[in-house]
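Put the complex together from the two separate chains, hints included.
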Amino acid sequence: RKEVEQDPGPFNVPEGATVAFNCTYSNSASQSFFWYRQDCRKEPKLLMSVYSSGNEDGRFTAQLNRASQYISLLIRDSKLSDSATYLCVVNSRDNYGQNFVFGPGTRLSVLP
Amino acid sequence: DTAVSQTPKYLVTQMGNDKSIKCEQNLGHDTMYWYKQDSKKFLKIMFSYNNKELIINETVPNRFSPKSPDKAHLNLHINSLELGDSAVYFCASSQEPPLLAGALNIQYFGAGTRLSVL
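Protein chains in written order, with this note's numbering: chain A, 1 to 112; chain B, 113 to 230.
Just chain B, same shape as in the assembly (with noise of 0.2 Å):
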């Protein structure tokens, strides 16, 4: 079973178009993020939503609202695709705290989007 998964795991649109991303993780966590990897491989933290409340909103602009209808979905829509948002987008989960004293809290990664805006 996967334990974060994303769809759909290819998205091409054209400039100006709405879409969204899905993300499911199955691992019970209360804890889960949005992350955009661009062309130089750079992985950064876009959103993050901990039992249904967003906790970081980095400086992403508006067109970008995560929607976390419950603690194990966490789906990114966004507006007016621009050709910058062209990227690898990764969904996360973690458990916070971590259930075991002294845990590491440890991030699992879905298999990413790649977005394509033409």
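Here chain A stands alone, though its shape is the one from the complex (with noise of 0.2 Å):
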């Protein structure tokens, strides 16, 4: 099992409509979790991190189950600009220090 993974995609949605991206990880000493988003030909950027409580920003919305391993991120009326691919990372810290894990990425298509 990869440690982490996601929806493969791509998802196409037409502007204005809601989706919700899916994470799972499989290190259940995980610390830490993001979401980072990024475009074609582009760096990582990070969009949100992901708090145990949930957290809200703006159209964007973060959720972390520890019990079950997942993080979810929903983004309301969705924008053109919003096209992109969305990474789940995650993170832990050992003996060694940190260590992030990238998920595949899920990629999002908006449509006009």
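Simulated from the structure, these hints should not be mistaken for laboratory data. In this text, all values refer to a predicted model and were calculated from it rather than measured experimentally. Beta carbons: idealized from backbone N, C-alpha and C, even for Gly. Hints may contain errors.
DSBU-like, lysine-lysine: derived pairs with alpha carbons at most 30 Å apart [said to hold, decoys possible]:
id : chain 1 : residue 1 : chain 2 : residue 2
1  : B       : 152       : B       : 179
2  : A       : 2         : B       : 153
3  : B       : 164       : A       : 42
4  : B       : 131       : A       : 79
5  : B       : 156       : B       : 179
6  : A       : 42        : B       : 131
7  : B       : 179       : A       : 45
8  : A       : 42        : B       : 152
9  : B       : 152       : A       : 2
10 : B       : 134       : A       : 79
11 : B       : 153       : A       : 79
12 : B       : 121       : A       : 42
13 : B       : 183       : B       : 164
14 : B       : 152       : A       : 79
Far from chain A, by Cβ distances over 12 Å, these chain B residues were calculated [claimed, not checked]:
id : residue
15 : 132
16 : 168
17 : 171
18 : 178
19 : 181
20 : 196
21 : 219
Next up, the structure:
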């Protein structure tokens, strides 16, 4: 089983739609969680961190379920500019330091 | 100002050559990373350096050698390039531990170096 798995996508949705992405991770000792966004031929950029209580940033809502080792990202009222690949990132710390593991990404295309 | 900068942005070279990619960060972070993103877009960590000490070395061929002259720089040297090395290489940095109690450790990425081996 891969350390971090995501919906394979791609997701093609019309403008204004609500779309949800799922992510699961295998390391129960994981400590912090993030959603990154990567545009075509660009570097990954932090979209939002994911907190245990869930958190919202404008149209974006992230949820974490530690018991199920599951993370989600909800995008409401999709915009054309939301088209990108969304990467789930899980971080753990061991005796050797930080270990960031990226999921394979879910591609989103928002259509006019 | 670019927080994490990599050079060159594009690198086209022949098989068997030796090449280097440079990375610099001006964020004052003490941990830097190299990632490889292949044609399938999967981003995989190669190396991590903390205070000039290698702390992660994934199953990467020893043709790849990271070099950190100081904590603001982490260069990647590749010997005897192979076709399979063609990919985008991203440098990143983070602060470990985070400066603020309870803060999450966030990585910042460079723009990537697109390596094509012919």
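Right, here's what the structure says about each hint:
1. B/152 to B/179: holds, 27 Å
2. A/2 to B/153: The hint holds at about 15 Å.
3. B/164 to A/42: The hint holds at about 27 Å.
4. B/131 to A/79: The given pair, whose Cα atoms are some 41 Å apart, is violated under the 30 Å limit.
5. B/156 to B/179: holds, 19 Å
6. A/42 to B/131: OK: residue 42 of chain A and residue 131 of chain B at ~22 Å, within 30 Å.
7. B/179 to A/45: Holds, because 25 Å separates the two Cα atoms, which is no more than 30 Å.
8. A/42 to B/152: holds, 15 Å
9. B/152 to A/2: It holds: about 15 Å lies between the C-alpha atoms, which stays within 30 Å.
10. B/134 to A/79: violated, 36 Å
11. B/153 to A/79: With a Cα-Cα distance of about 23 Å, the restraint between residue 153 of chain B and residue 79 of chain A holds, given a limit of 30 Å.
12. B/121 to A/42: Distance ~11 Å between residue 121 of chain B and residue 42 of chain A Cα, so the pair holds.
13. B/183 to B/164: holds, 6 Å
14. B/152 to A/79: Distance of about 26 Å is within 30 Å: holds.
15. 132: Holds, since 19 Å exceeds 12 Å.
16. 168: Contrary to the label, residue 168 of chain B does not stay out of reach of chain A, its closest Cβ about 6 Å off (not over 12 Å).
17. 171: holds, 14 Å
18. 178: Consistent with the label, residue 178 of chain B stays out of reach of chain A, its closest Cβ about 14 Å off (over 12 Å).
19. 181: holds, 20 Å
20. 196: Its Cβ never comes within 12 Å of chain A, the nearest being 19 Å, so this holds.
21. 219: violated, 6 Å
Hints 4, 10, 16, 21 from the list above are not met by this structure, while the remaining hints are.
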